[in-house]
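Residue numbers (our numbering), protein chains in the order written: chain A, -19 to 251; chain B, -15 to 245.
Treat the hints as calculated values from the structure; they're not laboratory data.
All of these numbers come straight from a predicted model, not from anything done at the bench.
Beta carbons are placed, not taken as given, at the ideal position from N, Cα and C, and that holds for glycine.
It is possible that some hints are incorrect.
As the list claims (entries may be wrong) - Derived coverage of chain B by chain A (criterion: at least 3 residues anywhere in the stretch with Cβ under 8 Å from a Cβ of chain A; other residues may be distant):
no.	segment
1	21 to 30
2	36 to 44
3	172 to 182
What the hints assert, rightly or not - Reference listing, derived: stretches of chain A covered by chain B, where coverage requires no fewer than 3 residues with Cβ under 8 Å from a Cβ of chain B:
no.	segment
4	145 to 155
5	161 to 174
6	180 to 187
7	211 to 217
To be verified - To list a few chain B residues with every Cβ distance to chain A over 10 Å, as calculated:
no.	residue
8	A11
9	R12
10	L163
11	Q169
12	H239
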Amino acid sequence: MIYWIAVYRANLKTAIAQMLQYRFGILIWAVWGFVGPLISLAVWTAASASRGGSISGGGTTYTQHDFAAYFLTFMVVGHLTMSWDAFEFAFRVRDGNLSPRLLKPLNPIHSDLAANIAFKLTTSAMILPAWILLFVMLRPTPPHSLGLFLLGIPAVVLAGLLRYILQYCLALFAFWTTRVEAINELYFALDSFLAGRIAPLALLPAWLAAAAYFSPFRSMGAFPVELLLGRLTGAQIASGFLFQFIWLAVALALFRVMWPAGVRQYSAVGA
Amino acid sequence: MRYLTLFKVFFQTSIQTDMEYRADFFARIVASLLGMVTTLGGLSVVFQYTNSIRGWSLAHVVVLLAVYYLLNGLIEMFIAPNMRQIMEQVRQGTLDFVLLKPVSSQFLATFRQVNIWRGVNVLLGIGLLIYSSRKLAMHIGGAQAAAFAVTLAAGLMIVYSFWLFLVTLTFWVTRIDNLEQVMWQAFEAGRYPIDIYPAWLRGGLTYVIPVAFIITVPAEALAGRGGPLQVPTAIVVGIVALALASAFWRFGLKHYTGASA
Chain A
-19 MIYWIAVYRA
-9 NLKTAIAQML
1 QYRFGILIWA
11 VWGFVGPLIS
21 LAVWTAASAS
31 RGGSISGGGT
41 TYTQHDFAAY
51 FLTFMVVGHL
61 TMSWDAFEFA
71 FRVRDGNLSP
81 RLLKPLNPIH
91 SDLAANIAFK
101 LTTSAMILPA
111 WILLFVMLRP
121 TPPHSLGLFL
131 LGIPAVVLAG
141 LLRYILQYCL
151 ALFAFWTTRV
161 EAINELYFAL
171 DSFLAGRIAP
181 LALLPAWLAA
191 AAYFSPFRSM
201 GAFPVELLLG
211 RLTGAQIASG
221 FLFQFIWLAV
231 ALALFRVMWP
241 AGVRQYSAVG
251 A
Chain B
-15 MRYLTLFKVF
-5 FQTSIQTDME
5 YRADFFARIV
15 ASLLGMVTTL
25 GGLSVVFQYT
35 NSIRGWSLAH
45 VVVLLAVYYL
55 LNGLIEMFIA
65 PNMRQIMEQV
75 RQGTLDFVLL
85 KPVSSQFLAT
95 FRQVNIWRGV
105 NVLLGIGLLI
115 YSSRKLAMHI
125 GGAQAAAFAV
135 TLAAGLMIVY
145 SFWLFLVTLT
155 FWVTRIDNLE
165 QVMWQAFEAG
175 RYPIDIYPAW
185 LRGGLTYVIP
195 VAFIITVPAE
205 ALAGRGGPLQ
215 VPTAIVVGIV
225 ALALASAFWR
235 FGLKHYTGAS
245 A
């Protein structure tokens, strides 16, 4: 345990120093996270305006302020749980940069996770004023209760961990094929619908909402968001956490199987 | 005339290079199709609850989406590869070789390469355009087609100028490749009619990064929704943008010192 704390402390320190070196660049990447949720919010606000200010579906109602709360919360949760390794890893495999990392006595996933956390720490501090400004300007419905809001925090952490490990597994496909764009796009397409990025899950067609309920994507998106906003009952919260733990176990098992198989497959460029 | 011949040669050598990377084409077409299905699916979810958003019907939004893909493909095919290369050349100092050639440096630097596989989105855009105009039972008369062609050309001129402006900035500050991301972020917003955005954002998307002129205006011209002033305005904005960007490029060249000099 002490060993791991020391490992992550050292990795975090170098990662944060690196991030601050490229502060303008990472800030622009962080702002990308604004685009998707704000477009979704604009679309749903315009749609609900044509229906007298609110939209009902799947047993719930969303007013314009509810949409603002949903998509703004999604924006923050999306930032805190984001991961980009699927893209980065493919580059490393292709140009052989992975090789020196494999020689280190530590699985590269740890230093990458440290870089991920460093990115979120530094950029969150930078874009916090923009978040606050948006929350003030767009007047979202405030969360229903403080207790549920606090319960949402572990859900966000679990969501981030799950997305991180699942995307790392996805990244490992780069060991077998150099064309990972299509796989990434499939992940992105499923994530857009099943995590609730395009619309709150209740407003999706019933079959899609049912698929989302059992998918890992809900655990990484809509579940923590709805929990933070106080839109879930006690039973729904319990089952949501259960799904998060089940999918986290599945993702970890997948990584344990894929990593050694992939490394055996890997033949470095130039070797 | 001389420039047309040159462009033809550039085009041919680019195609020869691209033919070496055919697998790229299939991976890209799968990725682009998935992206398109996602957007269309998202639209159909919204339009289950309403018939129109801010006066735009589903079919009209799909026409807009088609124009978005068409433009995205054209930009990635003709404009982006060249602009990215100029930034790289400025950083490495190899732009000097371009400047020494006895033709217009702006022409040589910005029309040197064509990336045909990136043009997948052009095909997707055209396909979607044909499909949606059938569905709309749109009668695209000669006037509408002409207005569309002119406004599309104006849109491309604006993108070209905007990017040339950014690239010229690299003569002073060598690293601004991240600014390309800012442009794409604004472009992404043009997937949907800009009427759905709040007024301040609409202003930004019209006058700061003129996504409205680039995407919305051609789509409206095609659907016959634009006002009578729209086409002349687009032409004027396109020409002014091009003139300003070219002037800025020439001004920038005077200050260009080369990376190693």
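Now for the hints, and whether the structure bears them out:
1. 21 to 30: holds (count 6)
2. 36 to 44: holds (count 3)
3. 172 to 182: Our answer is that it holds, as 8 residues pass the Cβ test (under 8 Å) against chain A, meeting three.
4. 145 to 155: violated (count 0)
5. 161 to 174: Since 9 is at least three, the answer is holds.
6. 180 to 187: holds (count 3)
7. 211 to 217: violated (count 0)
8. A11: 4 Å, violated
9. R12: For R12/B, whose nearest Cβ neighbour in chain A is about 7 Å away, the distance does not exceed 10 Å, so it is violated.
10. L163: Nearest chain A Cβ is 8 Å from L163/B, so the label is violated.
11. Q169: 5 Å, violated
12. H239: 22 Å, holds
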